[in-house]
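Novice: Line order of the protein sequences matches chains A, B and C.
3 is the number of the first residue of the first sequence in our numbering; add one for each residue after it.
520 is the number of the first residue of the second sequence in our numbering; add one for each residue after it.
1008 is the number of the first residue of the third sequence in our numbering; add one for each residue after it.
Calculated from the structure, these hints are not laboratory results.
Please note that the accuracy of each hint is not assured.
Claimed, not checked - When the alpha-carbon atoms are kept at most 27 Å apart in a straight line, the in silico DSSO-like pairs for lysine-lysine are as follows:
#1 K581/B with K560/B
#2 K8/A with K50/A
#3 K647/B with K1279/C
#4 K1122/C with K525/B
All values derive from a computational prediction rather than experimental measurement.
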Amino acid sequence: MNDKGKIMAGLIIFIGIFTFPFYSNLGKASAVPEPLLNTPVIKQMPVKQCVETKEYMRANHMQMLNEWRDMLLRDGIKTYKSMSNGKEYVISLQNTCLNCHSNKKDFCDTCHKYLAVHPYCWDCHFGPKEAGV
Amino acid sequence: MAKLPKPEELGKIDYTPPSTGWMDTPVEFKPGYFCNAAKEKNLAGLHMPNARTWSVKDEDWKLPDNWKEIIMEGLRERLEKYRSLRIFMDICVRCGACADKCHFFIGTGDPKNMPVLRAELLRSVYRKEYTTAGKILGKFAGAREMTIDVLKEWWYYFFQCTECRRCSVFCPYGIDQAEITIVGRELLNLLGLNIDWIMGPANACYHKGNHLGIEPHTFKSSIEFFLDDIKTITGIDIEPSFNRKGAEILFVTPSGDVFADPGTYTAMGYLMLFHELGLDYTWSTYASEGGNFGFFTNNELAKKLNAKIYAEAKRLGVKWILGGECGHMWRVLSQYMDTWNGPADFLEVPKSPITGTVFENARSMKMVHITEFTADLMKHNKLKLDPSRNDDVRLTWHDSCNTARGMGLLEEPRYIAKQVCNNFFEMPENTIREKTFCCGSGSGLNASENMDMRLKGGLPRANAVKYVHEKHGVNTVGNVCAIDRATLTTAIDYWSPGVRVSGLHELVANALVMKGEKTRRTNLRFEPLPGVEQVDDDQPEEE
Amino acid sequence: MGALLSFIGVLVLVLVAVIGAKANMQFILGVAVPYAAAATFVIGLVMRVMKWASSPVPFRIPTTCGQQKTLPWIKHDWVENPTTIWGVLARMFFEVFLFRSLFRNTKTELHEGPKLVYGSAKWLWFFGLVFHWSFLVIAIRHLRFFSEQVPGLIQLLESLDNFLQIGAPGLYLTDLALISAVTVLFLRRVVLPNIKYISLPADYFPLFLIGGIAVSGVLMRYFTKVHIVGVKQFTMSLVSLSPKLPQSEIGAIFWVHLLLVSALFAYFPFSKLVHMAGVFMSPTRNLASTGRIKRHINPWNYPVKIHTYEEYENDFRDKMKAAGLPVEKE
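One chain only, chain A, in its complex shape:
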């Protein structure tokens, strides 16, 4: 007994599964997300500076948001002192973060969508009112 047919079928399934990422992406240009920083508030800023550096924010914003939540709600701390520029910021998603980044769709969502990340911020918080939405 050889079962060649069954074995070939098994191998084809294996190759099919393993090469799925290759053929499913073939010929598709990958759209690189570009979060927009063109909100009215940011435009008016003389120095375009977030609470920390761009690189820090890119890697750690999710942790910072968690920390802010804990500082404010559990420990009653109302301000955050920046490590990069020493300024104090009011801890508030709505009034600090989203004040500048009022374009959730063109800012937050671009990368999150790209990476299929589903932050649960918006389970509780309202998103910013966006022009045209």
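Once you've looked at the hints, dock chains B and C against the given chain A.
Specialist: Okay, now just chains B and C, sitting in the frame of chain A:
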């Protein structure tokens, strides 16, 4: 086996592995753990390679100069013949699940008796020869050169495995050490390195029809001797037929049943049952062996020995074949016979002449196991039974490795046992059915010179027997295997005295109420039946 | 000894990745090696399976682990002793997805007497199952780096994996599970004397490798951080077969992770890891137990010389006649 240590001594088992790695621990040939070398006449009788007189204890095993080439060529050939071997060489992850499942490891604590390591003995050579990593990295890839010491190690450990397949039940990939041992032994046989306890019976079987070398007239007279005993016990005359053309059924059983106690009582059981049914059947002196010691030598010899059964069935013109109580016989019949020597298109699909039941499960190979046959009779109330005659029997059931794991014959014998015996107790769950333990002497290792090893291998089985002996007063181990009947007695007498071994049809015949029988006063062993005063017969007490 | 060697081996790989990333060898680390590894994996595994397939299965040798199909009134165990394709499929399903055989595992203990006791020992089964399943989930989850529109199923799997919503980024349960399982599987190899005795370097190496992959992945996600959008741009360029190395620095740990994964892929077809394919092809499990029901053909079956009845009668004719046994020739 001159002086055997006491059970307390032999039962002290050290499971700590040696401080040296297994490749650096040379094999030590311990007396009592190996069998004698195959004799020249038995090797020559079967035209096996390298027939010569040799001894295991000699430094020089008298191998041909190109022995290594022969082994490597043999391995290559078998890798191409058996997918099982190829896969089992590659996929073991050494998880160790098989380790403490082997009765020889449990009994000896010798790490090379862990199935995983027994397989590594061969795998290491395979890696050196066939894998890139093994060629380059050597020992670090688990590879090693084939040397004379490796060969001797193979011999020692491949004849320290009973091919019982218990490891295969627990292996997550179903790796079957039996497959590896079978190939290992085939390779050894290319150099004439068998044991005589296998080669002798195989040679006898080839020329004389059965392992014990019983010649036709003696075979007949042995059975006639049982008829006298049956007459004494039941008052009934039985006239079986031999080599009779035109019989409906050919009956084949292991020759041990005809020759050695307590198998003989089982043979008496068959005779009485068939007589009571008025079965149109015949014995054969030519195909007078159901067992197959060729199976422990190589595939070709196994096929040769097996071929007689169909050949004889064809010559006699029977309709189908009934097989007796035997273990590896049924592994061979269930999984090899039809492929080797079929198609048995000159036979009919077996049909019980008593109940009309058609044995669809044997549709192609046309051989029925006697417990399938008898269970069917009992289900249809075709037998008059008085189980109280077995009331002195407190029975437990030992599933034989091969019928359990190479066939799945689990319920038929239990059903029969419970019909003929009122006191039935199971051994612990982890030691029965597909997880049953070997008697420790299967696959041709039931010699006497390797008694220490046999007893150690028999410990797990005997220990479970002891458990029910102490808990439920069990005094009898029932089974359907000739090697069990021959060897379990020894192991159980040693580890758990007070329990005896009985074939199933012995118990059936004791309970069978036959037409015209006189009042029975004894069982088939000439012991008084329960409730009967001591018989003042000339029969000796149980030994 | 074997463990130490394997550990050093994995450490060397880590160092190569770190140094390579610093020494501007991103093309080799990021493009050449991963492509070569992926090709080796697929081609190597296919060739391995073809090699196995080239040998036939001459005999019906299933290990029967339940009641055979026999008389109609005896309950047939159609999964553990299958006679149909459905039974075989069910048996293989339990074996492949739930590790049925390993579930039977017992632990043998010897007490005074001697007295043998067999205890239940499901922990190898449990950690084995945890290990393989979490590995599979993690592998599937990674498809989010290899697909533009991440399929809904993968997103669902990910949200399940993250269902406790601990911290940010959310903690994947499979990350914890994989690392604990690898640790247990490693520890049993060094703690249990007999398991240690049978372990080869080839047993430790994959554990360290997979452990290294898991740890570097965890570091990347939760601790040292990488430029994740840059990573996905890069991985997408790889799978769309137009590799573009990341423009900006994405973090050395990523190169470590990638090299270890590549090593695993490349090592796979030449190691015991081929059990992934082998488990499907094991003749003691994937054969229906129909040795008596149907005739199976051995492709290399050949005729053998047997001792015929005629020869037998010639040897014993006189004795047979004297005993009253019928003979063919007088």
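Novice: Can you confirm whether the C-alpha distance between K647/B and K1279/C stays at or below 27 Å?
Specialist: Holds - the C-alpha atoms of K1279/C and K647/B are around 15 Å apart, at most 27 Å.
Novice: Could you grab the alpha-carbon distance between K8/A and K50/A and see if it respects the 27 Å cut-off?
Specialist: violated (63 Å)
Novice: Just to be careful, I want the Cα atoms of K581/B and K560/B compared with a cutoff of 27 Å; is the pair within it?
Specialist: holds (16 Å)
Novice: Verify the proposed pairing of K1122/C with K525/B, using a straight-line Cα cut of 27 Å.
Specialist: holds (15 Å)
Comparing the model with each earlier hint shows a violation of hint 2 alone; every other hint is respected.
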